[in-house]
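Novice: Quick one: dock chain against chain with the hints and give me the complex.
Chain by chain, the residues run as shown.
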Amino acid sequence: MLIEILSTSLILIGSLFLLIGSVGLIRLRDSYSRLHALTKADMLGFGFVVLGVMFSVSSLGEALKLVIIWVFVVVYSSIVGYAIANSKKKRDA
Amino acid sequence: MLDIIIGLLMLLSAFASLQSKDLLKSGVFFVVFGFMSGLLWIRLSAPDIAMVEIILGSAITSILIFKLSRGVRDIAMKPKLWRRLWAGAGSLVLFVFLTFYLFTVREEERVGGLVFEKLSLSGVESPVTAVLLNFRGYDTLLEVGVITLAVIGILALEPKKKSYEWNDIVVWRFSKIFLPVIALFSLYITYLGAFSVGGAFQGGSLLAGGLAFLSLSGQKLPIRENPTLFLAMLSLAVFVAFAFAYALVGHGFLTYPLELSTLSIMLIEISICISTGMLLYIAIRGRL
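From first to last, the protein sequence lines are chains Y and Z. Heads up: the first sequence is residues 0 to 92, going by our numbering. Heads up: the second sequence is residues 300 to 587, going by our numbering.
Fair warning: there could be bad hints in the mix.
DSS-like mimics (lysine-lysine), calculated; alpha carbons at most 25 Å apart, straight line [unchecked claim]:
{"hint": "1", "chain 1": "Y", "residue 1": "K89", "chain 2": "Z", "residue 2": "K519"}
{"hint": "2", "chain 1": "Z", "residue 1": "K366", "chain 2": "Y", "residue 2": "K87"}
{"hint": "3", "chain 1": "Z", "residue 1": "K519", "chain 2": "Y", "residue 2": "K87"}
{"hint": "4", "chain 1": "Z", "residue 1": "K475", "chain 2": "Z", "residue 2": "K519"}
{"hint": "5", "chain 1": "Z", "residue 1": "K324", "chain 2": "Y", "residue 2": "K87"}
{"hint": "6", "chain 1": "Z", "residue 1": "K417", "chain 2": "Y", "residue 2": "K89"}
{"hint": "7", "chain 1": "Z", "residue 1": "K320", "chain 2": "Y", "residue 2": "K87"}
{"hint": "8", "chain 1": "Z", "residue 1": "K519", "chain 2": "Y", "residue 2": "K88"}
{"hint": "9", "chain 1": "Z", "residue 1": "K324", "chain 2": "Z", "residue 2": "K366"}
{"hint": "10", "chain 1": "Z", "residue 1": "K475", "chain 2": "Y", "residue 2": "K88"}
{"hint": "11", "chain 1": "Z", "residue 1": "K417", "chain 2": "Z", "residue 2": "K459"}
{"hint": "12", "chain 1": "Y", "residue 1": "K87", "chain 2": "Y", "residue 2": "K39"}
{"hint": "13", "chain 1": "Z", "residue 1": "K366", "chain 2": "Y", "residue 2": "K64"}
Think of the hints as simulated: they come from the structure by calculation, not from any bench.
Looking at chain Z on its own, in the form it has when it is part of the complex (with noise of 0.2 Å):
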């Protein structure tokens, strides 16, 4: 019952959002739906995908939207109705493909039995974390390149500003005690992705967060731009170094020996938890 009300809360926020002719509807309606689709997360028990959806796909997007519409605001998008239907009866098709497919797929053909059947050998008591950093580390390799990539492609188009425009003193005063408890925090819940629910990608969106607070206030990081830009890129070093570096010594490329799995993991755990925090600081407050 709460599922089906959740879900349909989901549906009419998606809809609104689409439907809003004001941009800034659309991007409240957005943060509803992001909210929304957190909670139906939680009642599917994945408590690691709806921490990240809460925090980046209702708090930090809105901000970044937010952001955008101030510039964006006359372009009026309207899609025509031929490819609204195509759009349409594309997801219906992919819809009930997918449905079929969830209720014939047999028990052992699953992936999740063979996750717990190996996860002794990943180095991580997650299951989650196993699979992001170990099972399927390429996939994880490419999506921290791929958010990289993105934060390059904004500081190449943005243009340099002089100085910050504004100084909000009690913004900037109380993130000044609390980014550090925030800090320490995120790198909790990274250090926690070993056991249960959390890991890098949770940590590093709320150390951005705490940061975006710090950008509200209209002042930055007492670090120049260089360590900025250093830290930002820090996760693809030590991913990439990893697993070039095990390649070397003939284990494979990605592949952790199994005494030095555990290590490996948190170390680039850490480092994606700093990076992650460090590039969605650099997409919200934009080049210095």
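So that you can see chain Y by itself, here it is in the shape it has in the complex (with noise of 0.2 Å):
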């Protein structure tokens, strides 16, 4: 019942930072910052969610799976916005 209640809000509270980013994403006014509401929120966001749902998992090799999955998010999504930031300001410039 604990653990229960320990997953779902952690997974609560990832939810509510992805829901910061979008709506960071949507209302923000240029390129960079819309990046910068993103890229952070989502990541802690996914975080939040992953440790949620490690909870429920039934071995050990799921787990080491969920953290290899949030490496590569993490990874990916930084590297992303990156090349988002870069070609905008190649653009700009």
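Specialist: Below you can see the structure in the form of structure tokens.
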């Protein structure tokens, strides 16, 4: 019971961060501030969701898979964020 | 309830994609549409199709659309009213007909039971792979032919470039580290297709995603032009070779003998995985 509450609240916190990031993506003015809102909130939100899901895995292997997914998402979203900002900078210059 | 929300969002994004004036916006809504249909496939417990839909339908197609949208931005597409009405009426008739059919078809007429009945004859344990590579091998062979021909068309139309225009060192370094991991994982997914969710097209599109990331850095694979083309054409060659080889020894076109079926399906699957990745990579990168 306690574990369920903990896992659900972690997932909820993660979803909240994702929601804030999405609101930032829609509401902010230019590409840089949009990226700033999205990339950070996304990463944190996704981390919380992974932590929350981690309570319901049945084996160590599944938990390891989740961690690998998290690492992939973190690396790729930061690189993609960099690539978008860089192309924007090139276009402005 | 969730299905209805996803379906409504799908309709909305399709409508927005068709109606928006800006091609870039259309592309973005198309990505949303692809993602929503992927979610719907998951809800219909078809994760195989969901994987392909999300990778191909929303990731790789969007890269192609955004690349294209630069060239055709000035052309305004505005179909005539009677044409739209005609298309709408046609789709409505199709929808009504299919719904009617879906609710009247009897349980024993459905093809799913037949597939599970004959599954042990196919050489693989996953029903999806059994249908794709064994029971309906013709269709898959022709699909492979179609994407190969499409890429040959792209290669024929695109002018030859002298060199790459830019070198993004950050993206290049990271794809250098991660591309081998992605390649390994795509082979794993292809191998998994024999037992459960997965398969050659899923693995191949994953590989293509990694290669697309590489081409974002402005650099290319450290192999030459001709081996790349060879790898891209590999699956068609392997597929046709297997089909003719079994036809020549008397089994019939694309009919695997039972004891060799697992091996032949795995070899064809791996070749399709590599070729799909290479073909989509060439389609994104263009001719060099």
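Novice: The structure should be examined with respect to each hint, and the outcome stated for every one.
Specialist: Here is how each hint holds up against the structure:
Distance check on the hinted pair: K89/Y and K519/Z sit about 21 Å apart at the alpha-carbon level, within 25 Å; holds. For the proposed pair K366/Z and K87/Y, the alpha carbon gap of about 16 Å is at most 25 Å, so the pair holds. With a CA separation close to 22 Å, the supplied pair K519/Z and K87/Y stays within the 25 Å bound. As the CA atoms of K475/Z and K519/Z are separated by approximately 11 Å, the hinted pair is consistent with the 25 Å bound.
At most 25 Å may separate the alpha-carbon atoms for a hinted pair to count; K324/Z and K87/Y meet this at roughly 17 Å. Simply put, K417/Z and K89/Y have alpha-carbon atoms about 58 Å apart, too far for the 25 Å limit, and the pair is violated. Between K320/Z and K87/Y the alpha-carbon distance is near 22 Å, which keeps this suggested pair within the 25 Å criterion. The suggested pairing of K519/Z with K88/Y holds, with an alpha-carbon distance near 23 Å, which does not exceed 25 Å.
Straight-line distance between C-alpha atoms of K324/Z and K366/Z comes to about 14 Å, which keeps the hinted pair within the 25 Å bound. With a CA separation close to 24 Å, the supplied pair K475/Z and K88/Y stays within the 25 Å bound. Of the pairs offered as hints, the one joining K417/Z and K459/Z is violated, with about 50 Å between alpha carbons and a cut-off of 25 Å exceeded. Of the supplied pair hints, the one linking K87/Y and K39/Y holds, its CA atoms being roughly 18 Å apart against a limit of 25 Å.
Simply put, K366/Z and K64/Y have alpha-carbon atoms about 34 Å apart, too far for the 25 Å limit, and the pair is violated.
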